[in-house]
Structure formats: structure tokens, C-alpha cells
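Asks: Produce the complete structure using the sequences and hints provided.
Number of protein chains: 4
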Amino acid sequence: MKNSFGSSVSVTLYGESHGAAVGCVLDGMAPGISVDEGYLAKQMSLRRSVSSLSTPRKEADKVRILSGVYQGKTTGTPICMMIENGNTHSADYAKTADLLRPGHADYTARIKYHGYADPNGGGHFSGRITAGLVAAGAIALTALREKGIVIGTHIAACGGVCDRPFSPDPRAELEALADAPFAVLDEAASTAMQAKIIEARAAGDSVGGILESAVCGLPAGVGEPWFDTLESVLSHILFSIPAVKGVEFGDGFALSAMRGSEANDPFRIENGAVVTSTNRMGGILGGISNGMPLRIRTAIKPTPSISLSQPSVNMATGENEEISVVGRHDPAIVHRARVVADSAIALVLCDMLSLRFGTDYLKPND
Amino acid sequence: MKNSFGSSVSVTLYGESHGAAVGCVLDGMAPGISVDEGYLAKQMSLRRSVSSLSTPRKEADKVRILSGVYQGKTTGTPICMMIENGNTHSADYAKTADLLRPGHADYTARIKYHGYADPNGGGHFSGRITAGLVAAGAIALTALREKGIVIGTHIAACGGVCDRPFSPDPRAELEALADAPFAVLDEAASTAMQAKIIEARAAGDSVGGILESAVCGLPAGVGEPWFDTLESVLSHILFSIPAVKGVEFGDGFALSAMRGSEANDPFRIENGAVVTSTNRMGGILGGISNGMPLRIRTAIKPTPSISLSQPSVNMATGENEEISVVGRHDPAIVHRARVVADSAIALVLCDMLSLRFGTDYLKPND
Amino acid sequence: MKNSFGSSVSVTLYGESHGAAVGCVLDGMAPGISVDEGYLAKQMSLRRSVSSLSTPRKEADKVRILSGVYQGKTTGTPICMMIENGNTHSADYAKTADLLRPGHADYTARIKYHGYADPNGGGHFSGRITAGLVAAGAIALTALREKGIVIGTHIAACGGVCDRPFSPDPRAELEALADAPFAVLDEAASTAMQAKIIEARAAGDSVGGILESAVCGLPAGVGEPWFDTLESVLSHILFSIPAVKGVEFGDGFALSAMRGSEANDPFRIENGAVVTSTNRMGGILGGISNGMPLRIRTAIKPTPSISLSQPSVNMATGENEEISVVGRHDPAIVHRARVVADSAIALVLCDMLSLRFGTDYLKPND
Amino acid sequence: MKNSFGSSVSVTLYGESHGAAVGCVLDGMAPGISVDEGYLAKQMSLRRSVSSLSTPRKEADKVRILSGVYQGKTTGTPICMMIENGNTHSADYAKTADLLRPGHADYTARIKYHGYADPNGGGHFSGRITAGLVAAGAIALTALREKGIVIGTHIAACGGVCDRPFSPDPRAELEALADAPFAVLDEAASTAMQAKIIEARAAGDSVGGILESAVCGLPAGVGEPWFDTLESVLSHILFSIPAVKGVEFGDGFALSAMRGSEANDPFRIENGAVVTSTNRMGGILGGISNGMPLRIRTAIKPTPSISLSQPSVNMATGENEEISVVGRHDPAIVHRARVVADSAIALVLCDMLSLRFGTDYLKPND
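Chains as they are written, first to last, in the numbering used here: chain A, 1 to 366; chain B, 1 to 366; chain C, 1 to 366; chain D, 1 to 366.
What the hints contain is simulated information worked out from the structure, not anything from laboratory work. If you're wondering where the values come from, they're calculated on a predicted model, not measured in any experiment. Heads up, some of the hints might be wrong.
Dumping the calculated DSSO-like pairs for lysine-lysine here, alpha-carbon to alpha-carbon at most 27 Å [to be verified]:
| hint | chain 1 | residue 1 | chain 2 | residue 2 |
| --- | --- | --- | --- | --- |
| 1 | C | Lys42 | A | Lys62 |
| 2 | B | Lys73 | B | Lys147 |
| 3 | C | Lys147 | C | Lys42 |
| 4 | B | Lys62 | D | Lys62 |
Replies: As C-alpha cells, this is what we get:
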């Protein structure tokens, strides 16, 4: 297991879906960063289900800060946060404990943990573990915002419906998305996506989607090739988020069908600064930020828990057997995952900036 | 800079395109693995240009082993390999040293290295640095093959032309690809792709492509969530390869438009073993291998060096200025990149297997 | 800040002396290891003061397990433990908050954290942070014991009084020390040491000491030179323990005055196994265990908090000023530190063994 | 094997005593640092034997720079250096290849590498591997000197003879030691030590010693507790150096016998700066530099290769057998090890400073 990530700024996650608590330890953040409980609570609420779209787990998701914050500011020492679990229905899982849920980690966890893992609610493989990431991310996002670096994510696609992409300079769009429970730029797309989700739920099925994230204000010169390119480190953390199966930067896979003359972003001088006229590279050249907005797209597979019957295997009997996953589950998680993406990106950028410019870089100016 | 990657098995890369040498240090490989100079030379040759497709740099690319190999076998100590550079034409670069080449790292390297980096041929950002990765990868591929684990990559798309995908059990296809200079499954696609490359070259332009890689024989239970999922670690190294802008596993981005009932791979018992009927997840569930073939797709942007005129900036004058990149360059690198992908994947798997099963796991049975 | 240590098995510490809680996240432990709450409580109690020797902080030091343990056994996922603080007297510190306590981290913490660190009770620099290490260590010690590896530490010197050293095969001595509140081999030395501590307390002063640790049962072949020699990794964690200023292995500094013919441990065959006749090297050759008992000595400086008046600086006024440290403090910590040393050594060995033999190595045999 | 060390600035070592070459990759050094071949050669010469004291291996030890240096300055990319081996007498080793040399890694290497390691001259366990460390260290020392940070080491003890200790402000002493082939402060001690070495050689035996190192000019606030205290990271690398068996900071083990009132360094204001009146803590409080000189002592065991007959085991026969180590070997290495200590300390400080203040910190001011 490797539940810590980051070098200068690192995050460690812990917890099981139905255990005592989930949470994180955020280490290496500069001292002096404001920790606002209201903002923390707001970010946690974005990770929870939208009530019209699912039968959500009713967790207060109250974050308790155990260390590293003093008089409302980070101290520079490790910040442990915990979110106690409640409202657990382990009985739901007991019935089908020996049936492998397709699309879940049930089988691979059995092999790796030899049957000792907590099976309830997916245990440590549950999406609930992202609560700790979001708590850590809230502090990272605050620190970056103080430096003029803003991160945001919208649902670029869901259930086959597409939103319009971010505009070339998306700062205002990022601000506008900050509090949206269902983060979409185009209202019509939002309505259509939500209809698809409800339709899937009615069919006992689920849908996936694509997140598009952007970062404005990141200075040029951040990234540590050869191996710790910005793309490498960002994709590393994004692929850690459950259900992510693809990541691309800038025009990503579409670049593979272009010619060089179309793909290359032309340089020009603008107000004395070097900029590019297009941003097909997503703000990254040679693995290092070039000062243009970062653009990242993340593919989210459909929620694996569906009530439709699926072929499976009963590990107790060794026989093929159908499974219908009962209990509380979401027909879509893409709208909940967007704050997870923001948080993950923020943590990476805090780490890369602190490596590049020192451990005091994120400290507010006095 | 972060030029080392891996935990139990690690690789460190060094070198500049026009410096004395490029190469690697491969550390942590088990003792006793055969190092065959013929195989090493063959792998290096796959990384070089196909003569009909480009005006290649004529490097012998002879690998000199400085340490870590004794009597033809790895000793368990670090293996330093060097490939001396020759045939360098630095004069080609001097003419345009102050003009930022679009799509290249010229601008970001200036910001990061304050003008001290070796500019010739892209310096440490050159694709030539992958020679060290291929040398290390040759030993990793040998070690894995001894354990029944086979890795291979074909050009799934190039210049807009698509190859057929790997079949569900691609072991034979992987073997067949091993020595192909232009690795494609469907001969007609190969011809069409090469025509596209030649066409782009004639236009002073370039093309990109998509690589599809597969791994057969990887045991279930490999991967270290939460953060070191197989997808995370594989994408990390793949995004380190110059020109890579997208990575997806299994059906990747296509999964985002499916319903759960379509995306989930049904389980079933086959000859006493748990398998899945489809493999949309690409052999990875919960970040851990499930025993099915790994499937990975990597998007390669078009080669940024093109002779067509492009808008740029002259850093000496601070003025906008057109650039036409002269000198030796490839109209496509996708066919050369496939052995780099194989090597990168092999190094990650050696690391993950050694972490999981111990540092002697890759040692041949006596 | 770097509050995580270890590679395959890692521990992350968090907490401040007077914050909400202190604790740890232990990651990478094999699944199936028994977690016995009684043993955990016993280990925690060894870290607390002996009532006759100090005016101890009366903490219950109850460990609450938040994750990673299911049905009394480790699951293989991260184990977060917390020990809530109570009985804090921050008012004691407010009076002298601007006076630098000699021998403490007050000054260096100010420089590093720019005044944002929690000053009460030393904050994150308090010896109380070792409570998390001891909690993690209890699980590590249990896992090792199951594999026949036993660790123990006695007070080799305190206040100038010396205990007798471990015998060549100290396994029985290690067992005997397990529950001792004041761990000494020679009862007379124990009495004399405690007299020295009480004498120092009466004088408003403090004493230091030396710990001698031993490990029996560690297999040969563990250690990862060049840089991760057993000595390197053990000293790394031992020097993290507050107040440690020296570490030596085997005969350590005394070896520097010997001739080679005296220092070299002669090899011989005993019952078919290679052993050494002496063990001046402390069980480590070339940075790798040789199967003989490990022997480690750790120097502990005197507790810096003393009530005697000392010259200092008032950071608010920038003037020289005398300080007398008031409040609860120990005239010695060497007897409390021994369980910290055991825990630290155990965590390192779990990590090194898991790296060497795989992540399942510490899993109990079924 | 773990042959890389460091986080922001890292060094990777490779090579075997009798292989093609030994060397290093130094990664993460800031761009713009001068690389002076004369200084590099001088440092390498300090690592070689003093001819009056041993029958030295006559290596030119010419350092060839393969990458990372352009026009005499570091580029910011990895610096690979190689030192070709010559003058190897592998035949010397063949005779006794199955006899375990007491005090050497022969036995532990067999267990760990299963007989595949290069046995000649100790292979990767040879002191010759430190040549790569010294080459890397030369660049690190240059970078630090530019920032006013000076490092030096003298032989505090050898063969039972003691040098006088460094004075409280040892900067001038450090400068004076820079080029000394036998680095001692007190000339009489030097003569006596060398007599002891020659005496030991005549007896077919060897001696050890103690190194005292000091660092002047290190700013306060460097060190990353809890786990990466300055003591932790420095001891980690020092214990990687072959033959080191003890490390202490400040008064080290002697502190354990003091009272707190004697051990604590009083603070006072001097010219507006906080200083301590004594420096028993060796410039480190709470694991963080306090601006006073660092003081480090390192115990070196006697060279294990002696020609006197010693009891051993023949691994081919499994029988006890006497061994007399023939071939070239030093009766002492302490005078050669001092430049290795300087280099190791310099590499750690470059890493810690770059982590603390950013990757450009060591770049010279323009």
C-alpha cells in the first residue's frame, strides 16, 4: 500500500467506508495559511450527492482538525483531519459478501489482502476515501488562491451529453463554478445530463463522464522532468481517484490526429510577455508549465454498482452466480468527482511549487 | 529535476542530445538476469528511425555497460550504461538559438534553467534521452519474459489511419511484433500510415499517433493503492516520455460514454480461475492487476520540429519573428516510440513486482 | 516538514503537545497481524513517566484506532491511530512565550515556522509526539515477534551510572525487559541511576543517558546499500527521536581505537551455519545483516527543561534575559525513551524486511 | 539496492572496484554552478592513498563528465561522471574467493546477491565506490562555498592518537585543511598518527580513527523534522560510507553524562543576532540548524583487510579455515575518508537547502 503522495507537500489518506473514520494527514504546507471552516464545509458538501440524483448516504461529513492548525492558521506541521463515519449499513454487504461485484476491487483486494480487508462498503477502496483528499485539498486550494492560482473543473460530458469547453482564458468560468452542486458551463447541457442520470437510475444502471479541469495563474517554469513532468505527477494523482480510466492534457488524444503545423502553439509577445496564440498543449511544454492555463481532461467510468443483474462468481462456492448490487449507490459520480479533481490538482501544484520555490513559497505575505 | 523513477527497482536517466553521452543507471534489479548484448542492440535499433521515413541521425547507439553486470548476468548492483553521442550538428541550432521553437521546451527550459541549459538538439529534452530508457528497459523486458510476462506495443493510429486493436488474448501478437521496425498488426494500415508520414514530410510537416500496449502474464494482485495504483504509476512514466499528451487504460475515454452494465466486465470461473468475459478495464480493478491482459493507450503529439514557417518570438530582441526549424528531424516518431513505451512499462512492472514479492522475485530460478 | 518515514512500510506522525490529539498513520503493514489492545496499552504505559521520578502528565494515553484494523487484525490498509490530549496547562507556557528555552527548538522553530507554530508545550517538537511512534511500533513489534524477531532496549547509562552490557546472545534478556518500567539489567545500577535522577530533580536540573538496543532473530541479507544500509536507516529514525545526539553500532566509537585484528569478527561454522565468534560489528557487515544479533547504542542528552536559571534571549524585546523553565517536566527521559527506541527499530525492520521479501512477508502463516 | 540518495538534490552511485568504471549521477543541482576540473582533480587526489602510508592502487582517477555541464557550468540537468578503472589485479582475489574475509561484506553479499556479485576487490562494496561520491561532492562543495558555506574535516583520532578539536569558530581551520593530504590540526598529532599507521602496517595489521567535521555559514532554519532532522539525514549518508560505525553531533555521547545545566547552550544576543555561548548541540536544535557551526564526529573502524591470519570459513567446503588477506590494501583509511565525509555532508546540505529555499537557491547570483 502506498497511501502517501507528494514530496515537499504530501498527503496521506486513511480510512474505510464503514470504519470509525476517514481522513488525511497533510504535511509540508507552509505556515500561516488560513483554514476557514466554512470553506472546508462547503468543499465537503460538493463531494456529497445531489439529492435529486441519488439516494445519498446522509453523512454530516464534519471535518475535525486534530493537529497542525493553531489560531485559524496552518502552523507548518502535519495537519491531521478526520471525518467520522456514521449511517453505515454493513448488513447490506453481508448478504453478498462472497459475490464479486463486477467493476469493483472485490476480487483484486481479495488477492492482495488475503481476505483480511474490511469488505463493508468497499472498505478502503470506497469513493468515500476521497473525503480526506477533499479536506486536504481545501487547504491547498486556499493557499494557491492567495498566490493568484485558481483551479476549477466542470463536467465536460456525462451520459453522452457534452458541455461546452472552457474558453481560452477561463478564470471567470472557474470562479463561477466554485459553488455549483452540478458544475456545468452550459445550463442546457446540465439539464440534459441530469435527465440521463435519472434515466439510468430508473433502469437500474449508471453512467460515466468526463471532467475538464483548468488552472489559471500558475507561473511558468514549474515541473521536474525527466520523470516528474507536470503531466506525470498530475496524472499520477488523478489515476489514483477511483473510477478514473483516462487522462489527457491540452488537446490530448485529438493531437494524435493533427499535423505538427496545427498542433504546435505559436508563440508571440503580448504586453512584454511570451504567450501562445493557441493552447493545444494545455499550458505544458517539455513537462514544464509555460504560463498559459493548464487544461486537463479526466475520464470517469460509470459507477460500477448497479442493480441490474450481472454474471459473477461466488468465491465461497467457486461457482458462477448472478449478482444484483443492492444498497445505496449512485447512478453517477462525475458531478461529485469534480471537487476531488480540483483537490488532487491543488495538492500536486502546492507540492511542485514548494519544491521549485521553497517551503515558504505558499506562506502568505505579511 | 527528477531524473530517477521507481522505488525498489529504479532508473536514472542522464545526457544531452549533443553532449558526450546519454544513458542510465538501473538500480535494484535482481541478480542473475541474463544481459544479452544482441538483444540490447536489437532494442536500441528499434528506437532509431526507419530510413525510408526520415533522414535519421546515424548513431551506432552502441551501449557500453559500465557496472552491474558480471559474466553476462546482473549482479544486483546498479547497472550504469552509456551510449556515446556522435554525428552532432550543433551548428544547425546556433543559427536559431534565440528563436523559440513552437511545441518544444525551448521557452520553459529557459525559464527553469535561466539560460544555462545546453540548447543543442534540445539538450536534455531531446527524444534521444529515451535511448537510456530503452537500454534499461531491455534488461527489464528480459527479466519479465523469464517470469512469463510479455509486453508489446503497436501503432494503433498514425496520421489519422487506424490499425486493428489487439485481440482479447494478444500474447501471440505481442511476440510477432517484437522485431518489427514499424509495428502494426494490419499490413494495409502499415502501408497507409507510412504514406501519411511521407506525405507530411513532403509538406514540411509532421504527424502524431496513438500507441496501444498490452501485457500478458502479469499475476493478479499487483498495484499499491491508494496512490500507487497500476494506472497511476504507469501513467506517470508514460507521461515522462516526450510528446505524450494522453494515456488511457482499457476502454479509457470510451468508458465515459457507456452505462455501467456495458462497462463492467462480468466475472466467471474458467478452469478454476476467476476471469472476466470482457476486458474493458484493461486488466486493472481498484488500481490492482486482476490477471487479465493490461491494455494501455498512449497519445503521441505530432513531432514539433517542422520546416514550415511558424510564428515565434526572438528572445534576444523580444520581437515576434517567424521560425522554420532546419536540421535533421523526423516527420513522425510514433513508430520509434513504441519500444520506449515497452521499456517504460517493463521498468514499472519490475518495480511493482519487486515491491510486492521481494527483491529476489525477478531472479531466475536456478 | 517530513513527517513520514519508510518505503514499503511507512509511518506518518502528527500532533502537538497541547493540540487536540497526537497519533500516527502506519501504512504498508501486511494484512492479518493481530492488534491486541492490551499490548498496545502496555507499550503506551512504558512511554509514560515513572511516578517516583517525575511529576508526570497524567494522560490516559488511550489509543483510538480509526482505520486499518478489522476484527482485531490488520487489513493491509493504512492504520490511523489517535491519542487525544488532555490535562494541558498552556497557561504555564504563556508566561515565558518569548523567552527561548536553551536546548529546546524554540529558536529554530521560530525561524522555520515564522511564528505560526503552536508554542504550547513545545508543540510538534514535544516528546509527546513519540506517543504516535510507540503506537505504530506496537504493531510492528507484534509482527516481528511472530517471525521470531525480538527487540529490546535497556538503559546502558544514566546520570553517569552504567548498567552491564547485553550478553552475546541476549534473547532471554530482551524478554525479561519487556514489561520493566525502568529497564536495566543490573538491579544495583537501577537503584543508583534512580538516585541520580532524584538528585538532579532536587537540584532543579536533569540528566541524560545511553540506550543499548539489541535485535535477535533478524535473518541475514537485510539492508540495501549503498545508501540504505541497515546502519543508515536505523540511525535516520533514531536521530529523529528528540534528544538523541549520538548513534553507534556494535562497538561503535570504541572500534576507532582498535586494530583490525581485534575489531574483525572471526567467522566460523556452527551447526552448519556461518556465525562470528565475536560481534563487534553489531550484526551488520557492509550495511547488511549477517544473522548475528544487532547491537545499537543511542546517546540521549539531558532533558533541556530545567528550573535552574539559564541565560537566554527575549525575542519580544531582543534583550538578554534569564529563564527558569517552569511547569511539568522530567528530570530524565532515558527510561521513557527506551520503548521509543524499540518502536523505531521495529518500524525500520518491518520496512526493510518487506522491501527485501515482499509485502506479504510479515503476514502470519495461516 | 538503494544507490540513490536525496530528494531535491540527489546522487546515484554505480560501479565495482574492478569493473569498467565507477561514478555517479548528480541530479537537481541548480544551473550556473562552475565546474572546475582542477578542483575536481584535487578533491579526487585527496581520496587516494598517501604514498608513505600504503602501497596504493595507482589510479589516475580522471573524472570524465558525460552530461549536465555545458561551457564549464552546471546546466540544471543530471550530471553523470565516470572514473574508469585500471590497474586491477583480480587474480589476487581469485585465490581466496571462497574464503570469507572477516570485517568485509563477503558473507552478507553472498546471501543478498546469491553469488552473482562481482567478487573482485569487494565489487560494489569497495571503498572505491566513494570516488563517485567525491566527484559529486566537489560540485556540491563549490556551490555551497559560493553561498558562504564552508565544510571541512580533520582526523580527530587515529590509532589511539588524538588531534586537538576544532575551535569554536573553525572557519579558518577549515580553509587551512582544504588541501592537506593528512588533515590534522596539530602537527605533532599528525606525526604520531602516521607512526601508528606505519607500525600497524609493519605488523600486518590496521588502525581506525575518528573524523571531526564542521560546517560554517549554514543559515538557521534548515532541517525537516520530524523524520528528516539534520542529524537524521546527515547520519544516514555518513553511515553509508564503508567502515563508519558511529556518528555523533555536538558533544554527542559525552552529553549523556552531563546535567542539563551543563549541556544546554545558553542563548544571547550578539550584534543583533541570536547566538549560543557554547555549542554543545553542534549547531542543531530540534533537528534544525540554529546558525552556529555544525559539529559532527564519525567513527571509522580499522581497515578489515589485514595480512595477519584470521579464522574464517571456506564457503566451497563449508569448513573452518584460516585466511590471510593478500593484495593491495591500506593499513588505514581515515585520512582518505575525510574528503568522503566532506562530500557526503555537502550533498546533504545542498539537498536540504534546495528543499527549504527552492531549486534555484544554489544558483550563483548573476
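Asks: Give a verdict on every hint.
Replies: Going through the hints against the structure:
1. About 33 Å separates the Cα atoms of lysine 42 of chain C and lysine 62 of chain A, which puts this hinted pair outside 27 Å; it is violated.
2. A C-alpha spacing of about 16 Å is found between lysine 73 of chain B and lysine 147 of chain B, which places the hinted pair at or below 27 Å, so the restraint holds.
3. Of the pairs offered as hints, the one joining lysine 147 of chain C and lysine 42 of chain C holds, with about 21 Å between alpha carbons and a cut-off of 27 Å not exceeded.
4. Distance check on the hinted pair: lysine 62 of chain B and lysine 62 of chain D sit about 23 Å apart at the alpha-carbon level, within 27 Å; holds.
Comparing the model with each numbered hint stated earlier shows that hint 1 is the single one that does not hold.
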